[in-house]
Amino acid sequence: MEAGRLEIYPSEVDVSELVAQCIRLIRERAHQAGLRLVSRIEPDEFSLFVDRRLFKQILLNLLSNAVKFTEQGGHIAINALALPDGGCKLIVTDTGVGMSKEEIERAMTPFGQVDGVMTRRHQGTGLGLPLIAAFVDVHEGTLHIDSEKNVGTTVTIVLPDQMSKD
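Position 54 of the sequence shown, counted from 1, bears residue number 54 in the UniProt record's numbering, the numbering being contiguous throughout.
Please keep in mind that the hints were generated in silico from the structure rather than gathered at the bench.
Careful: at least some of the hints might be erroneous.
DSSO-like cross-link-like pairs, simulated, lysine-lysine; straight-line CA separation at most 27 Å [to be verified]:
no.	residue 1	residue 2
1	Lys56	Lys68
2	Lys68	Lys101
3	Lys89	Lys149
4	Lys149	Lys101
5	Lys89	Lys68
6	Lys101	Lys89
7	Lys68	Lys149
8	Lys56	Lys89
As the structure is a prediction and not an experimental result, all values here were calculated from the model.
Starting from the given sequences, assemble the full structure and let the hints guide the process.
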């Protein structure tokens with residue numbers, strides 16, 4: 001499959017195993033930052049036919065952003081839910097700094113960064129959310145960001161199973 005120049009190579013991915021792997025990769029940073037990291041997979045084990053490397057990158061970018069923009073004592077949760085049509089809903093919630101609607105729009109623009117004390121402290125390329133959006137789009141999925149300043153952010157991604165795709 002191809003979307004623009006980004007090609008995807010779908011394969012069967014064990015969602016619970018991949019989520020656990022991503023949590024292992026980010027757990028130390030979360031612990032050092034004094035954050036509580038929890039996950040829920042429903043059902044306990046299920047598979048999804050997607051591009052494994054892009055799916056992993058989506059998870060890592062979401063978790064990395066949550067760790068980066070959540071203050072000590074904060075909470076990060078990742079939920080992966082199997083959908084009746086074979087797809088998957090990912091929900092990453094944090095109690096971080098949050099963003100206004102305008103800041104979300106800016107953060108979704110390549111190289112666009114939200115201004116603020118926390119973002120200046122954690123400079124990045126400004127490509128995290130645009131890459132997530134591109135990876136979700138190439139899978140014909142959806143991305144929704146719900147955020148409130150000083151309360152936190154919830155990112156919801158729905159990815160269809162690619163088995164039925166060309």
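Practice task
Could you tell me which of the numbered hints above are not met by this structure, giving the numbers in increasing order?
Solution key: none
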